[in-house]
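Asks: Full structure from sequences and hints, please.
Top to bottom, those sequences are chains A and B. For the record, in the first sequence the residue sitting at position 548 is 548 according to the UniProt record's numbering, with numbers rising by one throughout. For the record, in the second sequence the residue sitting at position 35 is 35 according to the UniProt record's numbering, with numbers rising by one throughout.
Simulated from the structure, these hints should not be mistaken for lab results. For every residue, glycine included, the Cβ atom is placed at its ideal position computed from N, Cα and C. Be aware that a few hints might be false.
[As the list claims (entries may be wrong)] With a straight-line cut-off of 27 Å between C-alpha atoms, the simulated DSSO-like cross-links for lysine-lysine are:
no.	chain 1	residue 1	chain 2	residue 2
1	A	Lys65	B	Lys119
2	B	Lys144	A	Lys64
3	A	Lys64	A	Lys51
4	A	Lys550	A	Lys496
5	B	Lys144	A	Lys65
6	A	Lys430	A	Lys398
7	B	Lys119	B	Lys46
8	A	Lys228	A	Lys51
9	B	Lys144	B	Lys119
10	A	Lys64	B	Lys119
11	B	Lys29	B	Lys46
12	A	Lys51	A	Lys65
[To be verified] Derived, one-sided and incomplete: chain B residues facing chain A with beta-carbon distance under 7 Å:
no.	residue
13	Asn112
14	Leu114
15	Ile137
16	Ala138
17	Val155
18	Glu156
19	Asp158
[To be verified] Far from chain B, by Cβ distances over 10 Å, these chain A residues were calculated:
no.	residue
20	Tyr222
21	Ser441
22	Gly506
Single-letter residue listing:
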Amino acid sequence: MPLNLPHKPPMLALEGDRSQSPPLHSGDSLVNEDNIASAVSSARTPDDMDKDIEQLENVLRALKKHRNTLSPISRLPPEILSRIFSHLAAPSLNTPWMWQTVSHVCRRWREVAVFSPLLWTSIDFRSAAWTMEFLQRSQYAPLAVHTGDLLHRDINSVQWALHEMPRIRELSLSGNTDTLERLEDHLLEESPLLETLSLSATSHGRGFDDCYIVPDGLLAGYAPRLRKLSLSMCRVSPTLPILAGLTHFHASVPDPRGCFPVSDLLALLSMMPLLETLILEHAVPALETTGCTGSEEPVVTLNRLASLQLNDTMASCAYLLSHLRVPASAALRVICGIERPYEDDEIELLPRLLVSPRIERATPFAALHFRNLSTADGSLRVAGWYTDDINGDNDESKADAVITLMWGDGSTGMDTRIIRDTCASLDLSKLQTLYVSTQESMSKDSWISSFQTSTQLKRACIRGRSVYGFVDAFDASLKTRGSSFLPRLRILSLEKAQFARASHAGTLFQRLWRGVNTRAEIRAGLRWLNLWDCDITGQEVQLLHGVVSKVWWDSRPRGCTMSADEGSSFDLSHPVLDSHRWSQSTRHLFSHEQALADFMQSILAD
Amino acid sequence: MPTIVSVDDSTVPGEGSSRLLLLVSSDNKHIVVEEDIMSRSRFISKQVEGFEATSQRHAILLPFSSFVLNKVIEYCSHYRGYYLLEDDPDAAPPGRSPVREWDQEFLDVDRNMLLRIIKAAHYLEIKSLVGSCARAIADMIRGKTTEEMREILGVENDFTPEEEHSPSSKCTG
Numbered sequence: 001m002p003l004n005l006p007h008k009p010p011m012l013a014l015e016g017d018r019s020q021s022p023p024l025h026s027g028d029s030l031v032n033e034d035n036i037a038s039a040v041s042s043a044r045t046p047d048d049m050d051k052d053i054e055q056l057e058n059v060l061r062a063l064k065k066h067r068n069t070l071s072p073i074s075r076l077p078p079e080i081l082s083r084i085f086s087h088l089a090a091p092s093l094n095t096p097w098m099w100q101t102v103s104h105v106c107r108r109w110r111e112v113a114v115f116s117p118l119l120w121t122s123i124d125f126r127s128a129a130w131t132m133e134f135l136q137r138s139q140y141a142p143l144a145v146h147t148g149d150l151l152h153r154d155i156n157s158v159q160w161a162l163h164e165m166p167r168i169r170e171l172s173l174s175g176n177t178d179t180l181e182r183l184e185d186h187l188l189e190e191s192p193l194l195e196t197l198s199l200s201a202t203s204h205g206r207g208f209d210d211c212y213i214v215p216d217g218l219l220a221g222y223a224p225r226l227r228k229l230s231l232s233m234c235r236v237s238p239t240l241p242i243l244a245g246l247t248h249f250h251a252s253v254p255d256p257r258g259c260f261p262v263s264d265l266l267a268l269l270s271m272m273p274l275l276e277t278l279i280l281e282h283a284v285p286a287l288e289t290t291g292c293t294g295s296e297e298p299v300v301t302l303n304r305l306a307s308l309q310l311n312d313t314m315a316s317c318a319y320l321l322s323h324l325r326v327p328a329s330a331a332l333r334v335i336c337g338i339e340r341p342y343e344d345d346e347i348e349l350l351p352r353l354l355v356s357p358r359i360e361r362a363t364p365f366a367a368l369h370f371r372n373l374s375t376a377d378g379s380l381r382v383a384g385w386y387t388d389d390i391n392g393d394n395d396e397s398k399a400d401a402v403i404t405l406m407w408g409d410g411s412t413g414m415d416t417r418i419i420r421d422t423c424a425s426l427d428l429s430k431l432q433t434l435y436v437s438t439q440e441s442m443s444k445d446s447w448i449s450s451f452q453t454s455t456q457l458k459r460a461c462i463r464g465r466s467v468y469g470f471v472d473a474f475d476a477s478l479k480t481r482g483s484s485f486l487p488r489l490r491i492l493s494l495e496k497a498q499f500a501r502a503s504h505a506g507t508l509f510q511r512l513w514r515g516v517n518t519r520a521e522i523r524a525g526l527r528w529l530n531l532w533d534c535d536i537t538g539q540e541v542q543l544l545h546g547v548v549s550k551v552w553w554d555s556r557p558r559g560c561t562m563s564a565d566e567g568s569s570f571d572l573s574h575p576v577l578d579s580h581r582w583s584q585s586t587r588h589l590f591s592h593e594q595a596l597a598d599f600m601q602s603i604l605a606d
Numbered sequence: 001m002p003t004i005v006s007v008d009d010s011t012v013p014g015e016g017s018s019r020l021l022l023l024v025s026s027d028n029k030h031i032v033v034e035e036d037i038m039s040r041s042r043f044i045s046k047q048v049e050g051f052e053a054t055s056q057r058h059a060i061l062l063p064f065s066s067f068v069l070n071k072v073i074e075y076c077s078h079y080r081g082y083y084l085l086e087d088d089p090d091a092a093p094p095g096r097s098p099v100r101e102w103d104q105e106f107l108d109v110d111r112n113m114l115l116r117i118i119k120a121a122h123y124l125e126i127k128s129l130v131g132s133c134a135r136a137i138a139d140m141i142r143g144k145t146t147e148e149m150r151e152i153l154g155v156e157n158d159f160t161p162e163e164e165h166s167p168s169s170k171c172t173g
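Replies: Right, here's the structure in full:
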């Protein structure tokens, strides 16, 4: 006996046939107890019940479908729904492809997703089927083809994608030279929509010879929209016609082997007059310290350059800078690796990095005011501004020039020597912020000789072994009243120091206490002292309270180690290279409490 | 299509330094607003052009409530005089709307209200508001499972078992 439904399934009724059953009204129910009782009657066969189940499932689906049409989200036009999905489809490292779950929500959402070409333009290479599906669903929309390492890709899938060169807007290929050569035919096609091209050859450590030589017929010379070109272990000829429109050029090699002979690189840059961003990482072979100033090569003028980033040996950076003429407004970021054994004359190149008359500023090096200096874990960074605004923003991301020297950990004596030599090479009279965390102790004399000119310094954060020599300099320098070691220092943070540690001049606490007192006497006292993870007693802190306006101490008992949370905040592996972590490390110093803002104001107004 | 009714001059004082429009919501609330404020709406701008052609003032009847309309007017008032790329008919369509802090706060409303605002913005052709709403709705379901998305937005699973496991669906996540 079939289930006695009160009327035909709503799905059918919705499709227009309403002749055989009265319409349901609000409050009416499809299901009643009589129907259920008859449906589960023992007289009914399993086949009957299967049919009923199928029928009911159809009814249920029809109801859900109709219910969906009444949902507010379903009343949005498809183009709006597609727009919402497009936000979910934005590239994300954390949730790649998660957006596609929207197509499993309901029929309409799937329909909208599948027929929104713009959602399928970032081609997926996880499988050949996926790649084909993306290519088809994207229809004629411009594509973004980022293959990742071709070693892990089905080369046929990549070739299918590259068949679409005329509509590719972003292309990024990364693989060994053999694989790149296999795909070369596609790279010789015209690309009217291409805006970004990135080619990366896998390194085998053979330097020059291992570079992928980009064919001269790249993109058939026709890529009118190409603006960004990134090459890693790849070399291009300066004669390529597509270079003229570039606004962004990035050439990199994993280590100082170089991919371009210097003359080729300069010739290449001379073909890019519209460049706004130039990034060169070990692009030229390491130059010798001596002879790096030779100026046989022509100078390249880049009038529109807004950002110049160099990562190379000191000699190579100095050489390249001496051959580039860029606007004074161009932000300069230089990272120089210092080779071992360290030679003193290497640092002597430092001033030459910026003193180059090729930069359009009369005396750029002298004009730069270095306001921040930080050093830790085998690196040192200075940030300079052209404006001499004593209350200016010290945010390094806005600095006119940031120079980083890297020499790595574990070289005895290098920390102190490089800091001392660097400070001797630079005018640090406008320094305002100092962060030092060296692996080795720095003597009192080194401290004084390095920072004796930093008479404007207001904030310092000294960590670990660096503390002892610093406190000695802090204590000793003012005994004569004529000395001027950091005379305007007002905010000091000492971290990871043992205050019971003694030298001939007393314990660390006694030396600090003397220094703080002497400065207070001559009205040059500290206003804020921060003691973090230091081995110091509460009684000693109380004494310091008497002479410093504000003492902040983490109250850590002797022998206590930091918790995991604190460790993640303050145990910096490389704060110098990472401004975010730098700000984290010093947040307790510069922004620990709201009151500090007022406090800072009072200092700045002083 | 919107309904346009003629109104008296006394209803819409349009001879001031800034011309005024009369907007009538679906709950029959009359809202007077400066034309400048609503110029971000392509729909309103086209209506106003029509008025100028006929030299007659009209009230513009809109198919959404005064509550929603007031929210839209608040948005337009905030950005009065600002250039927003998304609203520039001559600019290339942006791929995705930029995040604007004020918008995030402005759109911190319940789901249904958000959906009503995006519909109204779509109707009024305010692309920047559509973009911001779309982003806000996307943020509501970002990273959620299919089931969670259905729950958040009140949608039922209406797939047949075959559709749910169709070969094509394997390519959709």
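Asks: For each hint, tell me whether it holds in the structure or not.
Replies: Hints versus structure:
Annotation: proposed proximity of Lys65(A) to Lys119(B) holds, straight-line Cα distance about 21 Å (limit 27 Å). A C-alpha spacing of about 21 Å is found between Lys144(B) and Lys64(A), which places the hinted pair at or below 27 Å, so the restraint holds. Straight-line distance between C-alpha atoms of Lys64(A) and Lys51(A) comes to about 20 Å, which keeps the hinted pair within the 27 Å bound. For the proposed pair Lys550(A) and Lys496(A), the alpha carbon gap of about 19 Å is at most 27 Å, so the pair holds.
With a C-alpha separation of about 22 Å, the suggested pair Lys144(B) and Lys65(A) falls inside the 27 Å cut-off, and the hint holds. Under the criterion of a C-alpha separation no larger than 27 Å, the hint pairing Lys430(A) with Lys398(A) is consistent with the structure, at around 17 Å. At most 27 Å may separate the alpha-carbon atoms for a hinted pair to count; Lys119(B) and Lys46(B) meet this at roughly 18 Å. At most 27 Å may separate the alpha-carbon atoms for a hinted pair to count; Lys228(A) and Lys51(A) exceed this at roughly 63 Å.
As the CA atoms of Lys144(B) and Lys119(B) are separated by approximately 23 Å, the hinted pair is consistent with the 27 Å bound. With a C-alpha separation of about 23 Å, the suggested pairing of Lys64(A) with Lys119(B) holds against the 27 Å cut-off. Our distance criterion of 27 Å between C-alpha atoms is met by Lys29(B) and Lys46(B), whose separation comes to about 22 Å. The suggested pairing of Lys51(A) with Lys65(A) holds, with an alpha-carbon distance near 21 Å, which does not exceed 27 Å.
Annotation: interface hint on Asn112(B) holds; nearest CB of chain A at approximately 6 Å, less than 7 Å. Interface hint at Leu114(B): violated, since its Cβ lies 9 Å from the closest Cβ of chain A, which is beyond the 7 Å cut-off. The beta carbon of Ile137(B) comes within 5 Å of a beta carbon in chain A, closer than 7 Å, and the hint placing it at the interface holds. Restraint check, Ala138(B) versus chain A: the minimum CB separation of about 3 Å is within 7 Å; hint holds.
The beta carbon of Val155(B) is positioned within 7 Å of a beta carbon in chain A (closest approach about 5 Å), and the interface hint is therefore held. Here the hint on Glu156(B) is kept, as its CB sits about 4 Å from the closest CB of chain A, short of 7 Å. For the restraint placing Asp158(B) at the interface with chain A, the shortest Cβ-Cβ distance is roughly 4 Å, inside the 7 Å limit, so the hint holds. With a cut of 10 Å on Cβ distances, Tyr222(A) stays outside the contact zone with chain B, its closest approach being about 21 Å.
Non-interface status of Ser441(A) relative to chain B is upheld: no Cβ of that chain comes within 10 Å, the nearest being about 47 Å off. No beta-carbon of chain B is positioned within 10 Å of the beta-carbon of Gly506(A); the least distance is around 54 Å.
The structure does not agree with the numbered hints 8 and 14 stated previously, though it agrees with the rest.
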